[in-house]
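Participant: Put the complex together from the two separate chains, hints included.
Chains A and B are the protein sequences, given in the same order. Residues in the first sequence are numbered from 0 upward in steps of one, following numbering that gives the first Met the number 0. Residues in the second sequence are numbered from 0 upward in steps of one, following numbering that gives the first Met the number 0.
Treat the hints with caution; some may be incorrect.
Computed list of lysine to any residue pairs in SDA-like fashion (alpha-carbon distance at most 20 Å, straight line) [to be verified]:
no. : chain 1 : residue 1 : chain 2 : residue 2
1   : A       : 112       : B       : 242
2   : B       : 118       : B       : 481
3   : A       : 112       : B       : 238
4   : A       : 112       : A       : 335
5   : A       : 112       : B       : 229
6   : A       : 112       : B       : 235
Simulated restraints, written as ranges between beta carbons of each label pair [said to hold, decoys possible]:
no. : chain 1 : residue 1 : chain 2 : residue 2 : range
7   : A       : 471       : B       : 232       : 24 to 32 Å
8   : B       : 550       : A       : 417       : 27 to 35 Å
9   : B       : 493       : A       : 468       : 38 to 46 Å
10  : B       : 74        : A       : 21        : 53 to 61 Å
11  : B       : 607       : A       : 577       : 30 to 38 Å
12  : B       : 532       : A       : 584       : 27 to 35 Å
13  : A       : 15        : B       : 122       : 46 to 54 Å
Partner residues aside, some chain A positions facing chain B, computed with beta carbon under 8 Å [what the hints assert, rightly or not]:
no. : residue
14  : 49
15  : 77
16  : 110
17  : 115
18  : 346
19  : 348
Don't read these hints as lab results, they were simulated from the structure. On a predicted model such as this, the values are computed, not experimentally measured, just so you know. Cβ coordinates follow ideal geometry from the N, Cα and C atoms, glycine included.
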Amino acid sequence: MSVASSRLGEKRSDGALRTIARGLALSPEMKQGLPLTLVIAMVATAGRVIVPIAVQQTIDRGLNAPGGADLEFVRWMAVVAGCGIVITIGATYLMNRRLFRASEAGLATLRTKAFRHVHDLSVLTQNTERRGGLVARVTTDVDTISQFVQFGGLFLLVNIGQLIIATVIMAIYSWQLTLLVWLCFLPFFVALRWFQRMLSAAFMVVRERVGAMLGAVSESIVGAQTVRAYAIEGRTQQRIDEAVEAHRSAATRAHRLAAFTFSTGEVFAGIANAAVVLAGVGLGIAGDITLGRLLAFIFLVTLFVAPIQVGTEVLSEAQNAIAGWRRVLGVLDTPADVADPGDAGTTLPHGPVDVRFEAVSYAYPDGPRVLHDVNAEILPRTKVAVVGETGSGKTTFAKLLTRLMDPVSGRVVLDGVDLREVRFDSLRQRVVMVPQEGFLFDDTLAANLRFARPDATDDDLWWALTELGLAEWAESLPGELDASVGQRGESLSAGERQLVALVRAYLADPDLLVLDEATSAVDPATEVRLARALEGVSRGRTSVTIAHRLSTAETADEVFVFDAGRLVERGPHVQLVEAGGVYAKLHVAWIAQSR
Amino acid sequence: MSDRRPERRATLGEGMRILGRALRDEPVVLGVAILGSALYGLMTVVAAEVIGRVTDRVVVPAFAEGRTTAGALAVAATAIIGAAILKAAGIVLRRYYAGMGQYRLQASYRRQVTRQYLKLPLSWHHRHSAGRLLSNANADVEATWWPIAPLPFALGVIVMLAIALVSMVLVDPWLALVGFLVFPTILMINFVYQRRLSPVATRAQALRADLSGVAHESFDGAALVKAMGRESDETERFRRVAHQLRDANARVGRIRGAFDPILEALPNLAILVVLLIGSTRIAGGTLEPGQLVQVAYLFTLTAFPIRAIGFVLGELPRAVVGWRRVSAVLDATGALPYGERRLDGAGSAARVGVEDVSFAYETDAGETLPTVAERERRAGRAMTRRTAGERRGDARPGGEHAAGQAGGERHAGEQRDDGEQRDGDERRESDERRDGDERRDGEHRVLEGVTLDVPPGRTIAVVGPTGSGKSTLAGLLVRLVDPSDGSVLVDGVDIRSLTRGEAADAAALVFQQPFVFEDSIRDNVTLGRDVPDGDVWAALELAQADDFVRQDDGGLDAVVGERGTTLSGGQRQRLALARALVRRPRLLVLDDATSAVDPQVERRILAGLREAGLPSTVIVVAYRRATIALADEVVYIEDGRIAGRGSHAELMVTSPGYEQLLTAYERDAADRAADGDGGTP
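Bound-form chain B, shown alone (with noise of 0.2 Å):
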């Protein structure tokens, strides 16, 4: 797929359908802009005619014969004010309309791509880094985008340049000789260098895109480098891929610098040559020194806009591969399918189903676009610049993929080798059940043929040790993502055939770390629905979350900083739980969704909760034991397996692996009074 090997050259074809995609999706604003740009060509010609006129009839007579008329110096000044006039017009035209038409490309498909954002699945989602989809909406568009401020003007420049050919042959042909050798020499000059230009900044654009993400994930984790003391080395990695955005732009910068003189240069050797032409034709009497002047004129007044072409050439490569970064978005898919099925029984709760469901995460990086040093090492190249992606590379011994995990299984059997016989065992029975399981390359299965039924108004606790699938199964009930294999079933209906929207009215799910908007408390509760401000309080009571709302002087109105960050992590729990609760579900589903609440504030909530009379089925996902005494029902998960199923005095006697969860507490304070190890020194 073209879309994922942005180190290929940008060729001068995709170049040119980016253009003709904008003037397909532009044609009036970008219409309007090359008139304008016509115009300023054809007055740029006007503008050495009239220099040349003037000289002719004007100046040279006045010198000639000491004596001028007023008439004839009005008409002169008129003429040259009014080209001047009607060019500075056609700046304006080209400019504006220009500059109009390259910003609402660039918001249209910033429209696009977003839209693919909310569209495409979670699994696209995790497969690319939010650094890299934030510069595709941003960077990217506006890279592709950014050849069109100056590509009216370069069609300009050709009608310009068509229009100085035929008033060159008009003047004297053999001096239109002279223009008609010199300005194709100009445009091949401009592909020689697009095409010489064209991988360094290539190559620049891709370092850019690496960097900011190096800056990304830096700064992202910048709590953890501090903690770690890892600044100097976070430094370290940084400045090498400065270093190297350093040397390619540096690259650019000495291809730019030698094609530009060059081109800037040509017009004034062809002044040179019209000279020396036309003080010939001068001296044998077939040319005016006024039309030499024109045509001398005409070559330094087309200098500088024939340079508009070089513009455009230019910022193709770039616009190239922005293109491919933003088509590789809008050409992904996998969205998931809606069907057109609805619920009835809004006000009742669910009945929930699932049926012999199994999920499989794709750990497959394939979508995701290497850096370029690791393209490099993957090349053979560059064996001695470490950086990101080869801090990858050290983890693998093998270097290829298949090879680490050969080497990861190796190492744990030397461990199983001087390690404890009681490990060994345990993990050579886990070796055996994992190579029974036909694990499919590249694949983390985490559910397995889950089936569970769920009545209406029942509250079910969902426990399991950490890794075991239950957030896997709590997304899959609000159809955060598709089974494998199996399916999810609400009042008995796929919940894949429903329409779209139609299960998250129905289901709400509260996250154990929760994502918190930028914006007014009241609007992160609400999420922009038409709620009464008494029932956002309402909601906020049940979730304890009303004190600390209060407590702010804005209440409502208060704004939550980027990811709630003003907020404490129990504080952004209970938020989100209002958030869930406003929305009186039929199904709610509460995945560790109390984790950072205190005990006495989680003791509050649960029993409102108890008290509240939702008309909800709830599903809990908890450890601790007053959230699973609230639960008619106690669902035991152990390796993505329903391991048990009952109450919990129930599983309690039936399951093991339960029993051991619940009560590790007690046995450990239990250990540790035998072991005279206790709180007490």
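This is chain A alone, in the form it adopts within the complex (with noise of 0.2 Å):
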């Protein structure tokens, strides 16, 4: 089954340039007061120029000055540069210290934004990505980027200034000797291009390797029970040696090119001195260079290729940043295709509700229809079962219902109003879905309770197990309330976790209980006693269970019977029984398996 069309994206087709400019407009941050670090920028590159200024000086107007040398002339001379370079220092300092400032707080805003949308997304998406990759997009890409900024970004800022100063500094001393080093270092930057290409080809090599690493590793994490129950530690192992060897080879392949291109740039350097000298030699001889002017001028090549170099070593990192950047981004453009109306959306006031779906269907992205055409309507206050095997749609059915997606023609009308249009804190108060795999945090019982009612006191919790019956269990654990669930409670049993996600969804007091399957691992008498006092909550609400034990079913005020994506049959139980239908069918099935 195809979902492509719901996959969070990587916006590859963006260039450099505008990945950048988008990831600024998304962290305001990263702007505030670069106006004023720019500045301080200039003053911090301009000091780079000094040292080779300062030899000139000495050279031309110290040693060789016309009355013999002056060495008065150098020891002021170098009691000011000594000064320009503190001053430097101080706005080096300064300058770094605005600029990690503004881009941390810039990408703490981008990663906690990118959080809140993954959170956004629908289920349809969030399930199309590997968690792995979800949290890369919040923490490591996001590091990728903050790194960057700390060592190559400012590099690469400096020294693009520094680039321009040399070179204007380079062409008042000598503009022949400037046009040849930019000639020299011509055929290097259409090379760069090239490398660029390579580097980048290679570094997504690495990243796809990465995460096909983490891919075999978290095998042998989360799935530890099947690989132990099955002995196949030696299988396991060995893909992820496979992964780990791939990620390795990828790896060094990218940093041999990296290597190369680095040091090609040396190689450039090497060429243009030589030129500088052959072609300095010529120009003194011609007079039109001073030899201090010649000598700065080999200093002023290193202050130029420098730059050159640092940017060839950061290629790499900067290609990994926008990479970085281009997938937090991603996440960003993703639609979040069930997405809440906010402020323009309908506050609905807590009472009983009704639900109608109106020729309702469905179908995943690029699928065919796992829903035809349906039509229904919930009586506020009354208690649904919905029935079917699987795959015939019931728990699409409870997806639509409680907007964890949209229909793809029709529309479910809570109280009148199209789900699409109410407000997501007004809906999820009004609406509680209890899955059949209920989440837990690695964190108290208590905590987890609490996840559904933040203000809930210890009494509360108590009395909520009490209600349902579920006191005595909650007792027996060591600590009680403060019982560790362990990692995503494996502490508990499968039926336990479902008994915490049943007290979550009684706590949070909905006035539509929505349960998939929610008792299927829970004995038939808690099983019982939880439909008891559920029921009891549920009078004055309306709820809706998905369950294939058909006990709910003899129970509730109406039967929803679902076939191969259609609703076949609707009515009470006894009445369907008699009707001989699907329903009748399953009854039997189920009376011959529980009785």
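Facilitator: Printed below as a string of structure tokens:
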């Protein structure tokens, strides 16, 4: 089943500059105080030409002064230059500080925005992505940008300035030699574009291999039980080893490419130096340049070469950072296809809920229809059971009812309002779904229960547990409310995890409670007790239960029977049994099994 | 234990030991890189020497005499370009081999870490979050070996500095004095830099792990967050840690921002001093201008490489923290010991015995690393910051674990006072029973003195209320875990004395919530064994999984997504069942393995199992009567003890708990009918 259209984007089409521009737009803090920072950066950069100028001045005006060596001048010049260097230190410090603060603030905002957006994405989109991949987008991907700004980005900023200033000063000393230096580096700049493309491709492969490696490693962690039960340690290790090796070879390859790129700059620097010496001697003989200026020029060439070298060095980092940035932006660019209407939406008052399905159909993106033209009404204060075989569409029905997905045609109406127009905060207060596999945080029982109602006191929790007949169970846990449930709730059994999910729903106190096989792992006696307690709750509220234990259907006000994506039968249990249709057959099977 | 206290400052000694380990592990590769770096260092000095000599012998005479020779120019150009090419060669060697070493080390330690994951017991896995373990194998290994890339550079720089000093001494001892003062100063500042950076960088690294943990957990529970409408609260939780990380990173930046310009400026200041001393010496006739240029140029050329030392030192704190976390995994012990014994009787059902077995989960979280926020809370700082750790604090009135427990009981007591009398009595009873149990602190006793003997070929149903210890018993039978007391026997042999893999060869456990590999259907069934497709299909048919596999165009080759997200719960269960059946296990343990399967489908599965004539002893954890009816005998478990054993009919009479459990639906229906509160409105 293809779900390509709902996947997270990476925005590969965006160029580097556009990515940076969009990234900056989304983290306004980055631009705060930027003009002043740039002014300070110019001061810091200008300070870098002090030494070459000092060398030139010492030779031309100090040693080769008309009246013999002028040591007094050299002393003064050294003091002035020294002061200049100290100012440069101060300016560089200020620049670093401002830049780091702004960029970190911006990135924190960016990752928080992206984090929120992941939660706003539809369940469908969330499920197409590896969890680890999603986590990476708000953690390591942003870290690469941060890392880049703190090292490479700063170098880049200062060095571009340095390149410009070096060129200007060089041109003042000798425009001919400056032209020559640029000519020498021209082929290098051309080659650089080519190198850049190669590096970009190489690092793309590295990133893909990292993803595959994490996938393989996670098998040994998340699937530890299965690996142990089937003694497939060898096979699992082999898969990990292969993925680790694939990553290593890709990373080494990318690194080799970067090494060659970097060293090429050194060779070109040598050629430029040689050319400057040769041409400089020629110019000197012709009287077009002084010795001091030529020697200073040689220093300036190092000043000119350094940014280019650092530039190639930073190039791979920049590639990573831009790619990371793209992936974070890709999250934000993925439409939250089941979107919160927000302030424009309707807030529904609390009270008994009435739900209508009007000609609702659903198909997964690029998939066949799984729900066909469903028309149904759930009256307030009724208890509806939804039954059907696996794949009949009953879970899809529940997801549409709770707006985890939107229908492709038709509409779901809550109290006369299209679900798509109901504000999420209002919707989630009124409609709560308890899934089959409830998620537990690695925290205490109390904290997990409070997820449904953060302001609940311990007494509230005990009250809810008692109402549901689960107080004794909670007391049997070591630490009671403070019992640690373990990673993903693994200290509890599957049935106990379902109990936690049900207490949560009870605490959330919704007007419409949707239970999706929420008691499948609970023993019959507890299930019956819970059902009764939840009914107590649902007196006054509406409840929809997706179930394959038909015991639930027997006690429901109305049963919806799904078959092959259609609502084929509806009515009270007794009536449907008598009708002798799909439900009657399901019921016979159930009776055969449970009685 | 040092590994459990990542907040402890990373010391230089620890960092140096990591570098030493790298050199020991990859002597050849890193050796080549160091040689390349030394070549680079040498050629950097030579390049300055060349410029100096060219100035003295070619440039100055040419300016003085107004002419030069083609030969002199050719030699000058060749020397300059030749030095550059050798320097470039040094760079390639250094960088390529350093990178190779870094990635080889990463790969090697990733293999070691994941080997530990596969070896360590499940109880260890329970104590560590998936996000944490993933980051140990990925980010922490990466951080550990990050300084390896600039290490050869830094070592080469030391060679370079030595050569530079020699070269300066040869030129002029007075100018060399500047070098002797400046180079050690730079090294010293680098060490101070590292000392200042270390605690801040350590904290940033720890916060990065916290942030990843929050994101991991929050995205893992995305569906719940959505269902409860808690997106904003979760974002707030994330934002808090993100802001702590922001501040920590900005602090790292501030320190780096202060030291970097100083380190960069020192060679420049040195050049000014060289110019001052040099011009005096030139005026005095004891130095040539070219020599002055050479020494000044040397400082210019060494200004950048000398910072490589800082690169290594700057990365050390992160490396140390990463290494502590990696070595915590590598040093972890407790892998299940295996014996030498093998089982014979392949192809025939196994005899299974459980002798006086007890089992307790360790709930002590001692090995779990606390988050930064938690540690600070414990230290009495950052009281105003509310984080994941503190949410935990909310739940514990006393803040401390023991106090929290007492608080919980106190609440229960209060509840009892104003609660219903009947509930209160029950609770008092359970309190007394528990108190008599000598509950060890931090222990969750799940099974207590369970003894069971299952003859070969029998089918036993294990029935009991939710949380009574059934799944734990199932896990013990295939040696997922070892009992705290007592022993598990297969064919009369203690399961702990079997060789590795022997128990798994004989027994297959199907979980209620099975793990599905991101792989093809075939691979998910065979798990890498060489099984003919016919057998795979047969197993799928028996598990009633053939239908949905056939419906997919890919058939056996269809790939299922991460954790089987493209399959429904019932489909995953059936796939997992096929996985067990294809092995034709001698002991088949089904832990409520068909709970998500439709009743009709389950009926077909059970009928199939009965008719297939598997060579298996079957233990089935179940609630449904049809499943129980499959069994020759029923074992009823309550509160971790066997409370009844016999046929279904016998237990219905002898065990009230069992009877209540099994007749819950009928009683409910009858009650409702009596109340007039039945299904018919």
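Participant: Could you check the structure against the hints above and give me the numbers of any it violates, in ascending order?
Facilitator: 18 and 19
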